[in-house]
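**Q** Chain A is fixed; fit chain B onto it per the hints.
Number of protein chains: 2
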Amino acid sequence: MAMPGGFSFRVLGQDAASSARLGQFCLPHGVVHTPAFMPVGTQGTVKGLLPQQLREVGAQIVLANTYHLMLRPGSDTVATLGGLHRMMGWDWPILTDSGGFQIFSLAERAQISDAGAIFRSHIDGASVELTPERAIRVQEDLGADIIMCLDECSAQTTDHAKLVTAVRRTTLWAERCLAAKRRSDQALFAVVQGGVEPELRAESAASLCKLDLPGYAVGGLSVGESHHEMLSVLDHTVALLPEDRPRYLMGVGRPQDIIEAVARGIDMFDCVLPTRNGRNATAFTATGPVRLRNAEHQRSTEPVEPGCPCPTCGQFSRGYLRHLFMADEMLGPILLSLHNVSFFLRLMAEIRQAIAEQRFAAFRSDALARLGA
Amino acid sequence: MAMPGGFSFRVLGQDAASSARLGQFCLPHGVVHTPAFMPVGTQGTVKGLLPQQLREVGAQIVLANTYHLMLRPGSDTVATLGGLHRMMGWDWPILTDSGGFQIFSLAERAQISDAGAIFRSHIDGASVELTPERAIRVQEDLGADIIMCLDECSAQTTDHAKLVTAVRRTTLWAERCLAAKRRSDQALFAVVQGGVEPELRAESAASLCKLDLPGYAVGGLSVGESHHEMLSVLDHTVALLPEDRPRYLMGVGRPQDIIEAVARGIDMFDCVLPTRNGRNATAFTATGPVRLRNAEHQRSTEPVEPGCPCPTCGQFSRGYLRHLFMADEMLGPILLSLHNVSFFLRLMAEIRQAIAEQRFAAFRSDALARLGA
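Each protein sequence line maps, in turn, to chains A and B.
With the numbering used here, letter number 295 in the first sequence gets 295, and the count goes up by one each step, no holes.
With the numbering used here, letter number 112 in the second sequence gets 112, and the count goes up by one each step, no holes.
This is chain A alone, in the form it adopts within the complex (with noise of 0.2 Å):
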């Protein structure tokens, strides 16, 4: 279906037993098959990883951080460099962030009002204002094919009352960020927020609704709350999001966490659980998590996770991973970041084809249950 702006996102499947389903974003960089996984290149690169590597294990898209970028080495400099797919030599679609999560959990002294966020740098404790134009702004030099409004993460309160302010300063900015936007080839979306209460999260989702964006995502969650409370908001909600367009959970999650998701009818995600675990000697496999550095691994000739089709899998042992995690050697997370990212790109083309085969509920009960979860 078309959409404003000239994107198309196509449902091309629905599974019959619950909201998951099977569809195709195209975007001016290419298309993303959903439901997608975008792995975290918070400051214009997916930690130790290049992008032929994560092309080659089957990234679509990844995410970039504008927080990040904005602060260092700015926008105007990623815009020198020839934009952000230039920058980092990865020629497919990227989404951007606003900045708004990361002024709530990685700024100092935030300062928040209608206006925008005036706050100070983790960096050099610069003051910097971020307003919804220039969220844009910033976005635009960055030149992603998908964007996101700046919002006001409510996750950090239960207060009814600053969540009911959250939401309607999320809709004024988001407002505020399609009125400011002047490229007419990157996909803004807005961020629904509202914290665990069903009538917030309605009437965020209502208000953005009437700005007929090309997306819609999903924020707030995956900060504390239980993966039930998580569920529940996803119950509720996602069934208030259009659904001729693309729904994106915000920063989730575990596989387990996808997996619901997915069957909830969300179709994007992003975390940087994949990488970070990579560097701390973490493996993900679907039979749960494996720790490189104990000392059971130490003469195993086994890959990190038997039958997996990884570059690393395909030629390392458990054995060499762990002496490299031992004798604290970059190739240690570089190897185990490829082949978790790897894990979680294929978690998505497994989910895929299964509600493709219309056996995702088959394929959900079987993958929960392997993964001890």
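The hints are simulated quantities; they were obtained by calculation from the structure and are not laboratory data.
Please read all numbers here as calculations on a predicted model, not as lab measurements.
Take the hints with a grain of salt, since some may be wrong.
Stated by the list, open to error - Footprint (simulated), chain B over chain A, 3 or more residues, beta carbon under 8 Å: (1) 38-47; (2) 161-170; (3) 326-336; (4) 357-365.
To be verified - Quick list of simulated restraints, FRET-style, between CB atoms: (5) B/Gln14 with A/Asp76: 42 to 48 Å; (6) B/Glu296 with A/Asp328: 49 to 55 Å; (7) B/Ala161 with A/Pro289: 56 to 62 Å; (8) A/Thr282 with B/Ser105: 32 to 38 Å; (9) A/Val272 with B/Val11: 51 to 57 Å; (10) B/Arg72 with A/Ile123: 49 to 55 Å; (11) A/Arg276 with B/Ser18: 52 to 58 Å.
As the list claims (entries may be wrong) - Some, not all, of what chain B presents toward chain A, calculated at C-beta under 7 Å: (12) Gln43; (13) Lys47; (14) Gly48; (15) Arg72; (16) Gly83; (17) Met87; (18) Gly89; (19) Ser105; (20) Leu106; (21) Gln315; (22) Phe316; (23) Ser317; (24) Tyr320; (25) His323; (26) Leu331; (27) Leu371.
Even glycine gets a Cβ: it sits at the ideal position worked out from N, Cα and C.
**A** Quick look at chain B alone, frame taken from chain A:
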């Protein structure tokens, strides 16, 4: 020419104006075209680079350090993991040193006698003994194509009596290494010592050559002496080594050192500089070093070295690499190590071609002038 053990080294070309020569060294895991540079994989990994990346930029052979690997993960573990080639995923030639040099540079409280060395591990303080026999046993576990005799590195002193002892002991140990050797698929090299004293170098070379080994190294250089002292030692030492055996200058060096040593008849080199400088944001280029943290590179869309065919220069700008280093991102060291290793390997390829085309003298003076050396 056939050599003891069934290896072969052929001199394919000889420069008319210098001792530079072109060779072909056939080893169990492949052919090494000389003059050759060996990237250093101290702990069984060339820091930050995958075997495939090394191969793509022209690496023919890599070096690994016996001292590090015997302490961690232990040579028995490496053997259990299938030997060094299998463990590293590098199915081409490997050279391991004997551990001698590291005992002098890294180990604590080393006690050296004719029997061997007893020292404390720099990792956990454990007491370790390294005799000529153990050095061979460990290297047989590791399984490299080329292994080195244990030697006493005489570079730490200019005391004549100590140098005499080191030369005598190095010969004694080489004889014991040869006697201890069991595997027939590893080429054993001896190391000529003698500091900067021509008579001692001559004595060392003469006594080691009697062992009729498949190759000879010049040791104890690049440890603090001047460039001219180093070249002076080569001037009188290389001529004492058999013409039909490869000559390896250990731990050297900078591009200008390599070019001058090739002119004096050296065939093989190793050095940590390309990867160490790569991690420290310093690029090797044909016109000298480029420090990528410098502010002047912030907005540079130029590659690290214009015209360089390496994957880093083909895809990424100086501005991006500077950003990666400023943001402490792993990809900076990865990409710059890749360029630097590629630079050294390309230098060797250019040297080989210049010798083959009888224009090494012109190449040498041009290259040194460009380097500002």
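**Q** Against each hint, give a clear statement of whether it holds in the structure.
**A** Cross-check of the supplied hints:
no. : hint                               : in the structure
1   : 38-47                              : holds (count 4)
2   : 161-170                            : violated (count 0)
3   : 326-336                            : holds (count 8)
4   : 357-365                            : violated (count 0)
5   : B/Gln14 with A/Asp76: 42 to 48 Å   : violated (57 Å)
6   : B/Glu296 with A/Asp328: 49 to 55 Å : violated (32 Å)
7   : B/Ala161 with A/Pro289: 56 to 62 Å : holds (60 Å)
8   : A/Thr282 with B/Ser105: 32 to 38 Å : holds (35 Å)
9   : A/Val272 with B/Val11: 51 to 57 Å  : holds (55 Å)
10  : B/Arg72 with A/Ile123: 49 to 55 Å  : violated (36 Å)
11  : A/Arg276 with B/Ser18: 52 to 58 Å  : holds (54 Å)
12  : Gln43                              : holds (5 Å)
13  : Lys47                              : holds (6 Å)
14  : Gly48                              : holds (4 Å)
15  : Arg72                              : holds (6 Å)
16  : Gly83                              : violated (11 Å)
17  : Met87                              : holds (5 Å)
18  : Gly89                              : holds (4 Å)
19  : Ser105                             : violated (18 Å)
20  : Leu106                             : violated (14 Å)
21  : Gln315                             : holds (4 Å)
22  : Phe316                             : holds (6 Å)
23  : Ser317                             : holds (6 Å)
24  : Tyr320                             : holds (5 Å)
25  : His323                             : holds (4 Å)
26  : Leu331                             : holds (4 Å)
27  : Leu371                             : violated (28 Å)
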